[in-house]
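Protein chains in written order, with the working numbering: chain B, 1 to 335; chain F, 1 to 335; chain D, 1 to 335.
In short, the hints are calculated from the structure, not lab data.
Because the structure is a prediction, the values reported are computed rather than measured.
Mixed in with the good hints there might be a few duds.
Said to hold, decoys possible - Beta-carbon label-pair distances, calculated as ranges: (1) D/Pro174 / B/Phe28: 29 to 35 Å; (2) D/Pro302 / B/Asn66: 48 to 54 Å; (3) D/Ala299 / B/Arg235: 56 to 62 Å; (4) D/Thr127 / B/Leu95: 48 to 54 Å; (5) D/Lys199 / B/Thr127: 56 to 62 Å; (6) F/Glu205 / B/Phe28: 51 to 57 Å; (7) D/Ser5 / B/Ile197: 39 to 45 Å; (8) B/Leu67 / D/Lys199: 51 to 57 Å; (9) F/Glu205 / B/Gly258: 34 to 40 Å; (10) B/Ser232 / F/Ile197: 45 to 51 Å; (11) D/Leu95 / B/Ile197: 51 to 57 Å; (12) D/Ile157 / F/Ser232: 45 to 51 Å.
Even glycine gets a Cβ: it sits at the ideal position worked out from N, Cα and C.
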Amino acid sequence: MDFLSDFFIRFVAKLQSPTLGFLIGGMFIAAFNSRLQIPDAIYKFIVFMLLIKVGLSGGIAIRNANLTEMLLPAAFAVVVGIIIVFIGRYTLAKLPNVKPLDGIATAGLFGAVSGSTLAAALTLMETEGIQYEAWAAALYPFMDIPALVTAIVLASIYASKQSGTAGKRVRIWPIVKDSLQGAALSALLLGIALGLITKPESVYESFYNPLFRGLLSILMLVMGMEAWARISELRKVAQWYALYALVAPLLHGFIAFGFGVIAHYTTGFSYGGVVILAVIAASSSDISGPPTLRAGIPAANPSAYVGSSTAVGTPIALALGIPLYMGLAQSLMGG
Amino acid sequence: MDFLSDFFIRFVAKLQSPTLGFLIGGMFIAAFNSRLQIPDAIYKFIVFMLLIKVGLSGGIAIRNANLTEMLLPAAFAVVVGIIIVFIGRYTLAKLPNVKPLDGIATAGLFGAVSGSTLAAALTLMETEGIQYEAWAAALYPFMDIPALVTAIVLASIYASKQSGTAGKRVRIWPIVKDSLQGAALSALLLGIALGLITKPESVYESFYNPLFRGLLSILMLVMGMEAWARISELRKVAQWYALYALVAPLLHGFIAFGFGVIAHYTTGFSYGGVVILAVIAASSSDISGPPTLRAGIPAANPSAYVGSSTAVGTPIALALGIPLYMGLAQSLMGG
Amino acid sequence: MDFLSDFFIRFVAKLQSPTLGFLIGGMFIAAFNSRLQIPDAIYKFIVFMLLIKVGLSGGIAIRNANLTEMLLPAAFAVVVGIIIVFIGRYTLAKLPNVKPLDGIATAGLFGAVSGSTLAAALTLMETEGIQYEAWAAALYPFMDIPALVTAIVLASIYASKQSGTAGKRVRIWPIVKDSLQGAALSALLLGIALGLITKPESVYESFYNPLFRGLLSILMLVMGMEAWARISELRKVAQWYALYALVAPLLHGFIAFGFGVIAHYTTGFSYGGVVILAVIAASSSDISGPPTLRAGIPAANPSAYVGSSTAVGTPIALALGIPLYMGLAQSLMGG
Numbered sequence: 001m002d003f004l005s006d007f008f009i010r011f012v013a014k015l016q017s018p019t020l021g022f023l024i025g026g027m028f029i030a031a032f033n034s035r036l037q038i039p040d041a042i043y044k045f046i047v048f049m050l051l052i053k054v055g056l057s058g059g060i061a062i063r064n065a066n067l068t069e070m071l072l073p074a075a076f077a078v079v080v081g082i083i084i085v086f087i088g089r090y091t092l093a094k095l096p097n098v099k100p101l102d103g104i105a106t107a108g109l110f111g112a113v114s115g116s117t118l119a120a121a122l123t124l125m126e127t128e129g130i131q132y133e134a135w136a137a138a139l140y141p142f143m144d145i146p147a148l149v150t151a152i153v154l155a156s157i158y159a160s161k162q163s164g165t166a167g168k169r170v171r172i173w174p175i176v177k178d179s180l181q182g183a184a185l186s187a188l189l190l191g192i193a194l195g196l197i198t199k200p201e202s203v204y205e206s207f208y209n210p211l212f213r214g215l216l217s218i219l220m221l222v223m224g225m226e227a228w229a230r231i232s233e234l235r236k237v238a239q240w241y242a243l244y245a246l247v248a249p250l251l252h253g254f255i256a257f258g259f260g261v262i263a264h265y266t267t268g269f270s271y272g273g274v275v276i277l278a279v280i281a282a283s284s285s286d287i288s289g290p291p292t293l294r295a296g297i298p299a300a301n302p303s304a305y306v307g308s309s310t311a312v313g314t315p316i317a318l319a320l321g322i323p324l325y326m327g328l329a330q331s332l333m334g335g
Numbered sequence: 001m002d003f004l005s006d007f008f009i010r011f012v013a014k015l016q017s018p019t020l021g022f023l024i025g026g027m028f029i030a031a032f033n034s035r036l037q038i039p040d041a042i043y044k045f046i047v048f049m050l051l052i053k054v055g056l057s058g059g060i061a062i063r064n065a066n067l068t069e070m071l072l073p074a075a076f077a078v079v080v081g082i083i084i085v086f087i088g089r090y091t092l093a094k095l096p097n098v099k100p101l102d103g104i105a106t107a108g109l110f111g112a113v114s115g116s117t118l119a120a121a122l123t124l125m126e127t128e129g130i131q132y133e134a135w136a137a138a139l140y141p142f143m144d145i146p147a148l149v150t151a152i153v154l155a156s157i158y159a160s161k162q163s164g165t166a167g168k169r170v171r172i173w174p175i176v177k178d179s180l181q182g183a184a185l186s187a188l189l190l191g192i193a194l195g196l197i198t199k200p201e202s203v204y205e206s207f208y209n210p211l212f213r214g215l216l217s218i219l220m221l222v223m224g225m226e227a228w229a230r231i232s233e234l235r236k237v238a239q240w241y242a243l244y245a246l247v248a249p250l251l252h253g254f255i256a257f258g259f260g261v262i263a264h265y266t267t268g269f270s271y272g273g274v275v276i277l278a279v280i281a282a283s284s285s286d287i288s289g290p291p292t293l294r295a296g297i298p299a300a301n302p303s304a305y306v307g308s309s310t311a312v313g314t315p316i317a318l319a320l321g322i323p324l325y326m327g328l329a330q331s332l333m334g335g
Numbered sequence: 001m002d003f004l005s006d007f008f009i010r011f012v013a014k015l016q017s018p019t020l021g022f023l024i025g026g027m028f029i030a031a032f033n034s035r036l037q038i039p040d041a042i043y044k045f046i047v048f049m050l051l052i053k054v055g056l057s058g059g060i061a062i063r064n065a066n067l068t069e070m071l072l073p074a075a076f077a078v079v080v081g082i083i084i085v086f087i088g089r090y091t092l093a094k095l096p097n098v099k100p101l102d103g104i105a106t107a108g109l110f111g112a113v114s115g116s117t118l119a120a121a122l123t124l125m126e127t128e129g130i131q132y133e134a135w136a137a138a139l140y141p142f143m144d145i146p147a148l149v150t151a152i153v154l155a156s157i158y159a160s161k162q163s164g165t166a167g168k169r170v171r172i173w174p175i176v177k178d179s180l181q182g183a184a185l186s187a188l189l190l191g192i193a194l195g196l197i198t199k200p201e202s203v204y205e206s207f208y209n210p211l212f213r214g215l216l217s218i219l220m221l222v223m224g225m226e227a228w229a230r231i232s233e234l235r236k237v238a239q240w241y242a243l244y245a246l247v248a249p250l251l252h253g254f255i256a257f258g259f260g261v262i263a264h265y266t267t268g269f270s271y272g273g274v275v276i277l278a279v280i281a282a283s284s285s286d287i288s289g290p291p292t293l294r295a296g297i298p299a300a301n302p303s304a305y306v307g308s309s310t311a312v313g314t315p316i317a318l319a320l321g322i323p324l325y326m327g328l329a330q331s332l333m334g335g
């Protein structure tokens, strides 16, 4: 009970944090049909800035880290990414009025990772003083890519069975490559590489780090506006998508949290890292995932998966998931 | 005489301030047909950043303020906004070669408020150390909306009389709503709401506040370029518009200054606040006003009102109005 | 030998500097066909920010400087700009399979100056603590404009001879004006003017200067991506362009370095200033030059000159030229 009442206090406090305030503000702005818009060029640039910053700090950390520590969490990230897609395959994609390919694609998007959600979690954790391994942000691709690959492979298997051409092999590398070519993952990996190889500390401290929190607040505004705008798309598809998008982020986060706790007890993975693993699992891809899925599962309807993720999944992960996992970690750390 | 010589010294000093230097620099750049351009996405983003910053600081101030202080200045802002439009209705709109609807729309735009001019005034006042109530920037909508509503109502009355359909009611709420939906007012009100409800101090101090002055300098550059580009539009309409645009900003500012002084003696409104009230009155809307007027008075010619405001009214308010009201306030404070 | 081994150590260290790291990172990103892109509006804005910053600091410096010091370096900048074009005219433009007009235009672009390369050099020099006259950045137009004018005049003479209309005068002022109207030079000169006339120190210190290094890192990323993308264009034209683009930047830089050393011994021009003169000569114009050349030598093929400059000339100047001239200056300063 203590945990629950703590959680509610924390939840209300989080809604007062500017990060979530901007998200909700964006929804109001969109609901009011305001002509206020953040130009697309600015939006793309902000995403780039946030992910290269996360990458740079990760790369700098990895340079000074004992990487064997990262092995188990990375393996768990892969496992969780695959599990998430299988859960969607055997729940959402089996439901009446849900086309199996649409359901599989949606599951793939919910297994993939949102850099913006990750950035928001990192900011909130810093505000609360929760420590984490700086390389933990680099777990992103270890969950993102396997989830997208799994979804595309499952979709291909399904499609082959339908058309009676079973046995046709799905080629994995093009999916991995397409995923790595996405703007979000490219920026993150570029940041990691530059952090590892060059010495970007001065430009990081004078530019990327100080701008991070402010740019994130604007990104949250855009995501709120976008979430509201996509709700109408969601209405066009079966109600099951809305239910899945409500439940799945929290469920996925708890699964990853469980794996994270195992890593905590076996290799000393920090509770902050556990929260990051959970947030990565709870998040659903909003930028890099959709183009890969569109190429990999062309028969699936983008309104289904983009609507579910942007309009419901991301706000749930941000406004409920992050405070929930942070609260859980703080309870466990205190205990 | 002392005041006048003081004013001239102050005026020359102000032209040396980078804020006005960038404005004049923009005019030179445009006059020289340079290919230098600030991309539109950047311009829109800068306006957003400035207004959300003004809003945030207002909202934070209101959270800790005794709002009854704001009542009289807010009422005066409404009154001045309406007076300005009536002045234009019975001067400019009555002149030969001026179409009444064009004149009324122009008066509406000069009653409405420019967020950029307000931002410039706030910067210059901080430089000079003139104190003001932080909620004073929140007077903006109290003048902006009544002015636009009055203009559209007067235009509608005029049009009904012409077509003999007098008695048709003008609906006020759609005009108010359209005005609130404008990008500038939306950003300002969003900032106020976030400043009131969330605790944005850390992101405000680390991001919005430090970038304010620099972004304003770029905005001034764009406004200078824009002012020069619009002068040709102004030439197409009657010369009376140029005369009105030269005289009106200073006159409107003095009227508001007078009301402000009344508030100073009755409720202790600061002289800095009086300057802000005067600047709000002297400014004419450049971003949010035109779309509302276009929708509300579709028969009016946008070249008339946009040209008058952007090419003459705004530069006059910035380069003459602001130093004038600041100088006047400093004389009165000293006396 | 000492100098050479020093240079190699320095060269490897420079590749670790984030400035060059971002350049090389951009090439990798482009080579990998990533969908990561810096929106064009952001790119243009960054170039504006960097050049106005360089201009402002130059203008502030000139305000407090003894300008007679600048005379000899400025004269040398003009001379080097003209020499570079003549070298190209009598080497590249005479080669088989090279159309003379294409060769002359390419030589003009290599004589013109890249603001981005100059900005990168200033950052690296500050990192290494190499002092220079702040007005040295203002040498830019003294080399840029004469080089473009010379190229267009030589092209016009060649074309007149071909068509037998020799004796037709080429008008110089339109070329100079077109060059000054370019976005890069306009921003630089605007910055110089504002630095000279207004007092922009506060906005410079709070905004333009702190953002410089970070924005430069992003610009380097874009230039790396652009360089890779243009290599295919270069392949379409004769191989001689690639050879010229490899050799010319370093050669031009050494010629300018020599003139700079003369100025050092005669008027006390700093070695830092000598490096800047060399970098200005080594750089080739990427933003402002091409439109002027397209207007001035319409018969020349832009793929030839833009490809040579962007894909080879600029990376060579950045990654080899800058460390080379800095190392040379440091050896001479130490000796």
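- Can the suggested window of 29 to 35 Å be confirmed for the beta-carbon pair D/Pro174 and B/Phe28? 54 Å, violated
- Lying within 56 to 62 Å: is that true of the beta-carbon distance D/Ala299 to B/Arg235? 59 Å, holds
- Is it true that the C-beta distance of D/Ile157 to F/Ser232 lies inside 45 to 51 Å, as the hint says? 39 Å, violated
- Per the hint of 39 to 45 Å, is the separation of the Cβ atoms of D/Ser5 and B/Ile197 within bounds? 23 Å, violated
- Cβ-Cβ distance between D/Lys199 and B/Thr127: within 56 to 62 Å? Violated - the Cβ-Cβ distance for D/Lys199 and B/Thr127, about 38 Å, lies outside 56 to 62 Å.
- Cβ-Cβ distance between F/Glu205 and B/Gly258: within 34 to 40 Å? Cβ of F/Glu205 to Cβ of B/Gly258: about 39 Å, so the range 34 to 40 Å holds.
- Return holds or violated for the Cβ distance of D/Pro302 and B/Asn66 against the range 48 to 54 Å. Since D/Pro302 and B/Asn66 have Cβ atoms about 52 Å apart, the given range 48 to 54 Å holds.
- Look at the Cβ atoms of B/Leu67 and D/Lys199 and judge whether their distance stays inside 51 to 57 Å. 52 Å, holds
- For the range 45 to 51 Å, tell me whether the beta carbons of B/Ser232 and F/Ile197 fit it or not. Since B/Ser232 and F/Ile197 have Cβ atoms about 27 Å apart, the given range 45 to 51 Å is violated.
- CB-CB spacing for B/Ile197 and D/Leu95 relative to the 51 to 57 Å hint: Taking Cβ atoms as reference, D/Leu95 and B/Ile197 lie about 39 Å apart, which means the hint is violated.
- Query: Do the beta carbons of F/Glu205 and B/Phe28 sit within 51 to 57 Å of each other?
  - Reply: 24 Å, violated
- Message: If I claimed the Cβ atoms of D/Thr127 and B/Leu95 lie 48 to 54 Å apart, would that claim hold in this structure?
- Response: 60 Å, violated
Violated hints, listed in ascending order, are 1, 4, 5, 6, 7, 10, 11, 12; each of the other numbered hints is respected by the structure.
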